[in-house]
Amino acid sequence: MTTTDIRSEKRGVLASALITLGRLGVSLFVPIVAFGILWAGFIFLRDSNASQAVIAIVAIIWGVGGVAMLFWVTDWLVNRAPLSVAKKLQPFVFVGPALAILAWYLFVPTMRSLYLSFFDAQSNNFVKLDNYIFAFTDAKMLESFVNNLMWIVLGTGGAVGFGLLIALMADRVKLEKVYKSLIFMPMAISFVGAGVIWRFVYAYKPAGEDQIGLLNAIVTLFGGEPQAWFTMAGWNNVFLIVILVWLQTGYAMVIISAALKGVPSSIIEAGRIDGASEIRIIRSIIIPFIASTLVTVSTTIVIISLKIFDIVFTMTNGNYGTEVIASMQYKQMFRFYHYGRGSAIAMVLVIAVIPVMWYNLRQFSKREGF
Amino acid sequence: MTSIAQKKQNRWNLVVNLILLVIVILWSIPIIGLLISSIRPQDDVLSTGWWSAFSENSGFTLDNYKRVLGGSEHTFVNSAGDTVRASGDNLGRAFINSFTVTIPSVIIPILIAAAAAFGFAWMIFPGRKLFFTIVVALLVVPLQIALIPILRDYQSLGLTGSYLGIWLAHTGFGLPLGIYLLYNYISTIPRDVFESAFLDGARPMVVFARLVLPLSVPAIASLAIFQFLWVWNDLLVALVFLGGTNDVAVLTQRLANMVGSRGQDWHLLTAGAFIAMIVPLLVFFALQRYFVQGLMAGSVKG
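One line per chain: the protein sequences are L and G, in this order.
Just so we're aligned, residue 1 is where the first sequence starts under the numbering used here, counting upward by one.
Just so we're aligned, residue 1001 is where the second sequence starts under the numbering used here, counting upward by one.
Check each hint, because a few of them may be wrong.
To be verified - Computed cross-link-like contacts, SDA-like style, restricted to lysine to any residue with a CA-CA straight-line distance of at most 25 Å: (1) L:Lys261 to G:Trp1012; (2) G:Lys1007 to L:Ile281; (3) L:Lys205 to G:Ile1039; (4) L:Lys174 to L:Ile282; (5) G:Lys1007 to L:Asp274; (6) L:Lys88 to G:Ala1197.
Said to hold, decoys possible - Heads up, incomplete: computed chain L residues facing chain G, CB under 10 Å, no partners named: (7) Trp76; (8) Arg112; (9) Met185; (10) Met232; (11) Val263; (12) Thr299; (13) Tyr339; (14) Met347; (15) Ile354; (16) Asn360.
Just so you know, these hints were derived from the structure itself, not from any lab.
All residues carry an ideal CB built from backbone N, CA and C; glycine is no exception.
Turn these sequences into a full structure, and let the hints guide you.
Dropping the structure here:
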């Protein structure tokens, strides 16, 4: 080996060390700059006195651009790593953020709520099953179970029943699209907005005065006494459930209607030729054919009814015997600041959806390609 | 077909049409009542039913909207019994807040969900099946379960009442459905579309941005409408994570407050409710087709 060789080798080592250092520097520099930009945006948003609209626009650009930038920077970083490492890391550039957020917001909270549900209001002392005993014996809780059951049975039954009826009828007329659009429209309205709409329908004024609520106006028109609908024990729940039915029927109708289009017309024709009545055809051919769709739609509305909160919160705030599980949970959290009970009630909701979860997982595991 | 059968068919059609008409009218009346009331003068709204607007004809006005949007200086007692002074920009501000909360809460989860769906559909990594199973399981988990733990995190991170906090919350709660819907779509894109790009040496991120996202526009549109309606109309998540200050409160919160504090001021409530409804209704009618597609693709949400 000659001296020049050694020298060039030395220079090579030095150069490659410098290059590595440089690469490392750049690798650090880019994320730091990215972080700096995000931080500056955060400070601006926190401290700025600019007009509301300006802040809103900056907030939107900062939030959305920030996420895109984070994706870009992590991808850039991973691609600077040696090829074998990069290949292993690559999938997690895509899946990682979602998994991290899911873990933080849903997966771990389930465990944490389970843990908290065994502790007292401030989560300091272990109280064994006390919170669950409360959840299953407290009078208000029992009331909310009964009410939720009512929501599930009447709400789901009403929405799916009406949805099926309307879908079947609309399938047979020319103006199908118009009818369906109008029935579907409430889907776009919030539970709170629907609450205001229906409060107005149910509005009550003492007898003798002009009624401004439609329902009482009709009642008095036929010579009845005006009623304060929200304080009628038992029935008030039904009046609230009507709102859910009004909102969700469109959803049921749209899905069922699509399933109806999938029923082969040859079978229906065959039934007609055999002289079956329209009712008979619906009962014996169409319903069995769309049974799985009916199950899916019902499941979705059952879950919505189970978690119902907004309607009760805005209409009666759980008074007059209209409490539901979700409103009880909210009250335990924000009125009584009892995190133990709040968590236990949330766990009750989770336990209630386990059958659906199990069903979904079974369907999923049957799927090919995974 | 004989003429008797034809006649019978016609009569049947007429009956069905009539029944549908009655149902549609029943369904629309509550909204029509709200709309008419919101443009009637205050005294009329409070003294007579909206249906008498046609017979009395004391004119229509936009005053209710002006008052609700602009808001005059006034004090009132809220549901908790405190006297609150409301001033200046009332629902106008909440309207902008709703947009500020909603737009990133729609785009961020879609970006993240699309990336994850691409990863699940086209990449092989350890734990792939397990992670996706968890996503499917989380589809129906009620978000109530996360409220207390996440609220505690937010309190220690100083994220309560911040936009970032609620964006992330909506992202977290919207991700399972987003990943699930987009996976169903992205996994059906033909393999050769990617293969040629990979052969040309394109990085996965480039393939994702240049090929997958543009090809998934129909699925993304459905998901976007879904998520938009969900976030815009949400009350619970906003109540818990944004808190009650009027600076950041969204329309649903303000409307719920109005119901509590001014439950008898029907002229204001009706106008307020319509303001909260107008944007989702426009989105709904403009993009109904995509919305229906989204509903079909999977409709369970936690």
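#### Entry: Index of numbered hints that the structure contradicts, given in increasing order
10, 11
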